[in-house]
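Enquirer: What follows is the residue order along each chain.
2 protein chains.
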Amino acid sequence: MKKVADEICGYTYRTATVAASTVSLEELEQLKVTVGFTPEDERFLRMAGEVLADQTKQIVEHWRSGIIAGIPNLARHSRTPEGELIPRYLAQSNLRFEQWILDTCLRPYDQDWLNYQQEIALRHTSLRKNQADAVQSTTYVPFRDIVAFTAVLNDTIRPYLANKGNSPDEVAGMHRAWGRSLQLQLALWSRPYLDLAGTSCEW
Amino acid sequence: MKKVADEICGYTYRTATVAASTVSLEELEQLKVTVGFTPEDERFLRMAGEVLADQTKQIVEHWRSGIIAGIPNLARHSRTPEGELIPRYLAQSNLRFEQWILDTCLRPYDQDWLNYQQEIALRHTSLRKNQADAVQSTTYVPFRDIVAFTAVLNDTIRPYLANKGNSPDEVAGMHRAWGRSLQLQLALWSRPYLDLAGTSCEW
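Same order as they appear, the protein sequences are chains Z and B.
Take my numbering: the last position of the first sequence gets the number 203, and nothing is skipped along the way.
Take my numbering: the last position of the second sequence gets the number 203, and nothing is skipped along the way.
Any given hint could turn out to be false.
SDA-like, lysine to any residue: derived pairs with alpha carbons at most 25 angstroms apart [said to hold, decoys possible]:
| id | chain 1 | residue 1 | chain 2 | residue 2 |
| --- | --- | --- | --- | --- |
| 1 | Z | Lys32 | B | Ala75 |
| 2 | Z | Lys32 | Z | Pro108 |
| 3 | B | Lys32 | Z | Ser65 |
| 4 | B | Lys2 | B | His62 |
| 5 | Z | Lys164 | B | Lys129 |
| 6 | Z | Lys32 | B | Thr138 |
| 7 | B | Lys129 | Z | His62 |
| 8 | Z | Lys32 | B | Trp63 |
| 9 | B | Lys2 | B | Gly165 |
| 10 | B | Lys164 | Z | His175 |
| 11 | Z | Lys164 | Z | Arg176 |
| 12 | Z | Lys32 | B | His62 |
| 13 | B | Lys164 | Z | Pro108 |
| 14 | B | Lys32 | Z | Pro168 |
| 15 | B | Lys32 | Z | Pro108 |
Worth flagging that the hints you see were computed from the coordinates, not collected in a lab.
Remember, predicted model here, so these are calculated numbers, not experimental data.
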């Protein structure tokens, strides 16, 4: 599997520390149908993985420094309660963010992928945030901000998809597949937030 | 305000029957920032409203008959528990669906709009589904299907935006604004589902 670095701290994909998803593979298949995700989208995502592979650092910099850092409401989630930077937290979570781009494009959407989607979501809730990096920061990322920022992840990827000389149809196809995958993932990420909402509403 | 019909059964926008949203205008403004929604997007949405105004019937037909009807998991939400069609329910909710297109493009995103977003979401949960039309159907639409189908609402609108001879830049701008608005609305729709999840997890 293609990785953005030899060591990615806290990246536990396919390890025993990742719990089984409470979402079934059958529910995942149904979600694919609802989102309109087809085998053609899988092919376009593989293409996108090749196109984006050497741009992941630049893309995550764009998201983190170019966008999130300028929105106090979002930036606080990687800072201390006093608003100070936590460089190690940023560095480590940025690497995982980079790897997530590749995983979105290149991993098969199987049980391991499903389990890791749940892990990703949990790490944004009060159940797990800050733990992978042993830091002190906000206790959770509100679900609404994840929904809203997904639009940014979708809008901003297009120029990077167009950077390698693919035809306009290929760029459009890769972008469509990327958007569908993100919305599919968002549907999966919503599950831990809903499961948790009875004790802690992290909207 | 532009309406798709003189009488739209169950369309209660700006009436006293619509409760105040539990989301504040300040939270809405923060969400706009997160989603990247700007005054330019507002202008593009106004343009989209003009472009789509005489196409709403065709668009909703496309979504309902062309897509939802072919996905049993989604189609069941407008049918009886035995799977029979409920023509009146479809006709009435289709008109509201058409009006929602115009409201997305042409309404100011103010307190009334915020309140009606909550009303729309509640009508998909077990708290309110079927009530506006006094029908018997599924008790709720799972939140995950709303997230996933938002990708379809976003993918499929583009050709309609391109139908009136606007420049490629205008079509791209209208489409970007539409996608941002949908994700903003999705963030708002998630609130009633999270509030309800302690007693009924409708993921």
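Enquirer: Compare the structure with each hint and give your call.
Expert: To see whether the hints hold, each was checked on the structure:
1. Lys32/Z <-> Ala75/B: Holds - the C-alpha atoms of Ala75/B and Lys32/Z are around 16 angstroms apart, at most 25 angstroms.
2. Lys32/Z <-> Pro108/Z: Since the Cα atoms of Lys32/Z and Pro108/Z sit roughly 13 angstroms apart, the hinted pair holds (cutoff 25 angstroms).
3. Lys32/B <-> Ser65/Z: 19 angstroms, holds
4. Lys2/B <-> His62/B: 22 angstroms, holds
5. Lys164/Z <-> Lys129/B: 48 angstroms, violated
6. Lys32/Z <-> Thr138/B: Roughly 21 angstroms separates the two Cα atoms, so the pair holds.
7. Lys129/B <-> His62/Z: Outside the cut-off at roughly 42 angstroms; violated.
8. Lys32/Z <-> Trp63/B: At roughly 17 angstroms apart (the allowed maximum being 25 angstroms), Trp63/B and Lys32/Z satisfy the hint.
9. Lys2/B <-> Gly165/B: With a Cα-Cα distance of about 22 angstroms, the restraint between Lys2/B and Gly165/B holds, given a limit of 25 angstroms.
10. Lys164/B <-> His175/Z: Given that 25 angstroms is the threshold and the Cα spacing comes to 24 angstroms, the pair holds.
11. Lys164/Z <-> Arg176/Z: 17 angstroms, holds
12. Lys32/Z <-> His62/B: With a Cα-Cα distance of about 19 angstroms, the restraint between Lys32/Z and His62/B holds, given a limit of 25 angstroms.
13. Lys164/B <-> Pro108/Z: 40 angstroms, violated
14. Lys32/B <-> Pro168/Z: Cα-Cα ~30 angstroms, so violated.
15. Lys32/B <-> Pro108/Z: 34 angstroms, violated
Checked against the numbered hints given earlier, the structure breaks hints 5, 7, 13, 14, 15 and satisfies all the rest.
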